[in-house]
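4 protein chains.
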Amino acid sequence: MLGNTFGRLFRITTVGESYGIGKGSGLAVIVDGVPPGLPLTDAFIQEEMDKRRPGVGKLNSPRLETDQCHIFAGLGQDGVTTGAPVGIIIYNVDTQPVHIEQYREYKDLCRPGHATYCFYKKYGQHQDWCGAGRSSGRETVGRVAGGAIAKYILQQEGIDLIAYTVQCMGIKAKEMSFDEAKQNYRTNEINCPDPEAAARMEKRVLEIKDEGDTAGGIIELRIKGVPAGLGEPVFDKLSALLAHAICSIGAVKGIEFGAGFEVGNMKGSENNDQFTKTDGKIGFKTNQAGGLLGGISNGDEIIIRVAVKPTPTISLKQDSVNMPKMEIEELSPITRRDPTLLGRHYSVIESMAAITIVDALMMARGYDNVCRIENKWREI
Amino acid sequence: MLGNTFGRLFRITTVGESYGIGKGSGLAVIVDGVPPGLPLTDAFIQEEMDKRRPGVGKLNSPRLETDQCHIFAGLGQDGVTTGAPVGIIIYNVDTQPVHIEQYREYKDLCRPGHATYCFYKKYGQHQDWCGAGRSSGRETVGRVAGGAIAKYILQQEGIDLIAYTVQCMGIKAKEMSFDEAKQNYRTNEINCPDPEAAARMEKRVLEIKDEGDTAGGIIELRIKGVPAGLGEPVFDKLSALLAHAICSIGAVKGIEFGAGFEVGNMKGSENNDQFTKTDGKIGFKTNQAGGLLGGISNGDEIIIRVAVKPTPTISLKQDSVNMPKMEIEELSPITRRDPTLLGRHYSVIESMAAITIVDALMMARGYDNVCRIENKWREI
Amino acid sequence: MLGNTFGRLFRITTVGESYGIGKGSGLAVIVDGVPPGLPLTDAFIQEEMDKRRPGVGKLNSPRLETDQCHIFAGLGQDGVTTGAPVGIIIYNVDTQPVHIEQYREYKDLCRPGHATYCFYKKYGQHQDWCGAGRSSGRETVGRVAGGAIAKYILQQEGIDLIAYTVQCMGIKAKEMSFDEAKQNYRTNEINCPDPEAAARMEKRVLEIKDEGDTAGGIIELRIKGVPAGLGEPVFDKLSALLAHAICSIGAVKGIEFGAGFEVGNMKGSENNDQFTKTDGKIGFKTNQAGGLLGGISNGDEIIIRVAVKPTPTISLKQDSVNMPKMEIEELSPITRRDPTLLGRHYSVIESMAAITIVDALMMARGYDNVCRIENKWREI
Amino acid sequence: MLGNTFGRLFRITTVGESYGIGKGSGLAVIVDGVPPGLPLTDAFIQEEMDKRRPGVGKLNSPRLETDQCHIFAGLGQDGVTTGAPVGIIIYNVDTQPVHIEQYREYKDLCRPGHATYCFYKKYGQHQDWCGAGRSSGRETVGRVAGGAIAKYILQQEGIDLIAYTVQCMGIKAKEMSFDEAKQNYRTNEINCPDPEAAARMEKRVLEIKDEGDTAGGIIELRIKGVPAGLGEPVFDKLSALLAHAICSIGAVKGIEFGAGFEVGNMKGSENNDQFTKTDGKIGFKTNQAGGLLGGISNGDEIIIRVAVKPTPTISLKQDSVNMPKMEIEELSPITRRDPTLLGRHYSVIESMAAITIVDALMMARGYDNVCRIENKWREI
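In the order they appear, the protein sequences are chains A, B, C and D.
Each residue of the first sequence is one higher than the one before, counting from 0 in numbering that gives the first Met the number 0.
Each residue of the second sequence is one higher than the one before, counting from 0 in numbering that gives the first Met the number 0.
Each residue of the third sequence is one higher than the one before, counting from 0 in numbering that gives the first Met the number 0.
Each residue of the fourth sequence is one higher than the one before, counting from 0 in numbering that gives the first Met the number 0.
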């Protein structure tokens, strides 16, 4: 299958499916490049994991996924990291035969809007027909567990980031500062920091849910405190790496930086961010660039917007294809699903961005010089 | 600097600046993973190079860049590739001292909207202040030379691709079929296949040019004939790799697939492409997915839109920063520039997409099985 | 720490220490690039694991390591691989506080001949002082688990490989055919296919063990059935990749191919393997090349010898350094250890070679075309 | 072909054949990861290039290869590096039709001991039959040009390295200190620092040359000043990377570290290097480890020996295979060749080692912190 590793110096490798087989099945992530001396605990990782956990509230799937994570490797006897890779496992619990049998019914039918058809064409008959295998949204738990460590490192480096819903089915959140958004973005199920817009979005999504349908939206990602000069000038621009990271999330159908697609209607004089000096510090009058010039960080806030498609699993009849028969067949409504992905995907976007920024910092400074704690005996 | 290599099995490594020093300076690309037996010639590569060449027409920079390419390595005595990497060099010609002196005047000033400031922060005082170094648009000649080989390979595999302007300063091209677009997209300077829209776009850009300003736009990329199943399911989705490839182009500020950002307003039932069977072949009723489901190709046309920002170099006064002095200084108008990047960047987008698709094909089939010609003695 | 991933298309990523902390700690390996349709079971992997397991016989460490492996991810409901990465975990069992306390006594002392000192200099005070962390021989369990899958794939491709002791403390095994060696090499504790030499080696090692000391040796690796043309001509020669793979095993101090260091005394006419034709098939009169010419496989048997140093942990007093004090201190004898690594390291060498060969096959043919089983619906 | 790139953060990508076609053909190297501010010149690189140049003296091939190198990219107007990749090209000059015609005669015959046969099996009929293509020893010019930059960087870091002949056809050089060896190793054609042994080696090689034959030998590599802690603990041990680097040189058939294969006869108490303290500095009583413990540098001198096979091209009749006919055919004596590779390969070994050490330093410290010169404006 390949492609289960992301990052260069700070890197995660993930494995696992929603429904493994046998006792002790699960999903796991190996995080390589973790500096020595970090006091990681299961509870700390769990806090991030809980952000993407479904099963809470009316906008989320009723599937039972407790997603309890466990650090099984990488800590020394003193409970801190040693420089060794960190291994985190999340055992599957919702693997009752009754659910597996439900999946068995549909196992030859490709769900429209889902990757199933592509998997059949890629891997052939030996499919993991249960729970969508590696194309399940559940694959992202490893990213979030790895992202938790990345966020810890960023915090030590004075870098902060948030991702929140700014648009859903025509309803837009008002603009606000990083700090204001941060304070409010996790106070509602749709993860929108504007309470008034959030209420309208949630109402609209519930209406759509009642129709048996699902809703798409747009998530904004903001990263504060990134020093100027991150990213490489040609193929590994920070913008390119962030695009790679975020477009690797299944439901993402677009990404834009700063003014984004609006640049198609802008003049150079409107799009250029002129320089200014405030309190002896060089900065910019505007931030059309979204903190990235020529793909490299310019020291300003990084601003990115991400298009998240509606959940493809819906409770309406659709024309599907039966792979063994190679015939069109009607797919009956499916009931277990998230009416929107907005309430969960923000944490995956935050995680992928955090991993990318830590990796870029390590490329520039060396993995021994990011989040460097007081540490005796070192020679390098 | 790093990041000058792109691709896994089919990979390009580029080097070079607009203004090297000394006799014989130039830009070059090494293309690794080229199958044996391809009859490459300078003339064949040159045809693609000429697509991105400026100096032709009123919408382009008056800089003299003939960009003559020369294959200096990788061909056997019989004039065909041998499986060895191919080396292509493009010597600099526009390196007259007078131009270099013009650059010297501004060498400490960061041009707003340009990567200069980021380079100062990243590399410090040892800047290539002449012609923007590796952040110059001219860096892309190596990509286009490498892309020419990738396009040759795709042609043998029955895959075709085009990139053309669909929007510029509020003016949109009408929708059309792949074949219609292909027939017309290179008939005007702005590279728009809709002649009526093209005329209006060109007129608007000329007006903006006369103001001393520049114009942004949106380019659409379409890829026909890609088999279902390309791309890896998790971090190396085909969508993620294409996003990486295309967002590594300096002026790109956004990318979207199929319905793109419009998914933020769509229901699942609207966004899902239901299946259909025509002439015994399974296909889709619609193509909201843009040919990519879960990031993997589904066999339908791949459709991508790319936001291209206005050229940052403008003939208007702007507040800049003088790096040695760390003071704000006014930057005088600069005269040599492209009023829009739309007429040239399409070829770079096509090249990066072609390289990405060839690389993905080789990952699945092995580099020995892509564009495999009749070839004796092979054992593998 | 990095460097915990090996391979390009077929790749393993490992994690874990001998003594993790807390309940459920262990070592794990993620194997990426596994083709769909392989009927893997815990029992199948376990068979390979048992080859490197200590605790059996008088030549091995008395440490209790049952090394029970468990496939926790990567299998579909039908019990075969799906193309997804395979996750295998080995829980730690020998983690009784009493052993950990034994390690605590020596935790500041660098064992001569061991990597401890280098780890202190690299990672500083935050050491995994218990059981040598990632520099423990136990790190290799993940390699062997991944190697088991690689061996399965090679078997389907008609490739076989064995590694066995040919020399130990001056005693040499007689030369023999691949098949003869294969039949006998696992019939004694020292893993030598020549019974007479094996008996003398074992006797000598036991004498050395009684002195409180340990013994080194030389292992030969032979790979049969590799097609001509594997490996890339320049930096990724098959010889270079095998050298990388095998020299990544902790105790390895040298590697040689075919005639090896003897070439220093050979003329070209002695070292060149002339061609011959037998039964209509082109072959070689001799095999001084060890199956590798210019680093690429030539279709003949690959023959490699590996120098394995004596276990550094000995029961004799040695001058060590106390890191916190930066003073020389005498290290008391340590009792739990393998008197020689020869009986276990062969399986690690076999595993690393198998992984390297599978990876090279996939590079040439594509990961979809190695071990390709009958499989419907595939498009690529 | 692939595999034409080596290194992670400091990396070289090479291209080119001995006999390109057409005017302006040549070999080139792109060196990525070069820090800004280095005053590189053609003359500086040339000095290293001249070490591997043949055509000088009676022990070398009479081929005319002036190997003039030219830096065509990567320098700023001030003549120092800018952080951009550096491009170096070496044009072919010895491409007279008469020589090409000589090669054409033998173009279907595989030279015993040479990679030709493997290339036929790998790439099929589209061979570069002239001058051995990428399997020619001439491929190494790019490595040496890149190595020159690596050596410059090491010099700034206080690291020095030398490679010299210690054995040839049964004649051994006496042991000596690094400084003594450095002073003498380039005073004779066979590159042996022991003048008495060198004289005997040269005499022996000339005798063998007169027989129409060639001679193998052993080269020792020593690296002084490497800090403790370089290399990663598992798959990317410094020993594994050095083995990869050096075994990627065509004629290398073995590599050993420190005591090397002798460990097969050693007890732990003999092989362990005990600690000592001299002038307040921790060191080792002996250096059996060759400066590498668990594959990581321990701060002591790194000592490596490399087996270099005799040149396969000889002036004696040999049984070859005619590929189109698939028949055994006698290969007539070939006259242009090096009677031994010892006089040239040392510079390639030095280069590959230098590149590997710089890369490992950059992995630990970040590419911005190796050879860091005084440099204003940097933020990272």
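Among the hints, erroneous ones may be present.
As the list claims (entries may be wrong) - 27 Å max Cα-Cα, derived DSSO-like pairs, lysine-lysine:
no. : chain 1 : residue 1 : chain 2 : residue 2
1   : C       : 316       : C       : 202
2   : A       : 208       : A       : 50
3   : D       : 202       : C       : 266
4   : D       : 106       : C       : 284
5   : D       : 106       : C       : 324
6   : C       : 223       : B       : 375
7   : A       : 375       : C       : 106
8   : B       : 316       : A       : 324
9   : C       : 266       : D       : 284
10  : C       : 223       : C       : 57
11  : A       : 276       : B       : 375
12  : B       : 324       : A       : 280
13  : A       : 202       : B       : 375
14  : C       : 266       : D       : 22
15  : A       : 22        : A       : 106
16  : D       : 280       : A       : 375
Keep in mind the hints are simulated off the structure, nothing from the lab.
Hint check:
1. C:316 with C:202: Roughly 24 Å between the alpha carbons, so the hint for residue 316 (chain C) and residue 202 (chain C) holds.
2. A:208 with A:50: The given pair, whose Cα atoms are some 22 Å apart, holds under the 27 Å limit.
3. D:202 with C:266: holds (15 Å)
4. D:106 with C:284: Answer holds: residue 106 (chain D) to residue 284 (chain C) is near 22 Å, not above 27 Å.
5. D:106 with C:324: violated (68 Å)
6. C:223 with B:375: Given that 27 Å is the threshold and the Cα spacing comes to 24 Å, the pair holds.
7. A:375 with C:106: holds (15 Å)
8. B:316 with A:324: violated (67 Å)
9. C:266 with D:284: violated (39 Å)
10. C:223 with C:57: violated (32 Å)
11. A:276 with B:375: Violated, because 68 Å separates the two Cα atoms, which is more than 27 Å.
12. B:324 with A:280: holds (12 Å)
13. A:202 with B:375: violated (67 Å)
14. C:266 with D:22: violated (38 Å)
15. A:22 with A:106: Within the cut-off at roughly 22 Å; holds.
16. D:280 with A:375: The hint holds at about 16 Å.
Consistency with the previously given hints fails for numbers 5, 8, 9, 10, 11, 13 and 14, ordered from lowest to highest.
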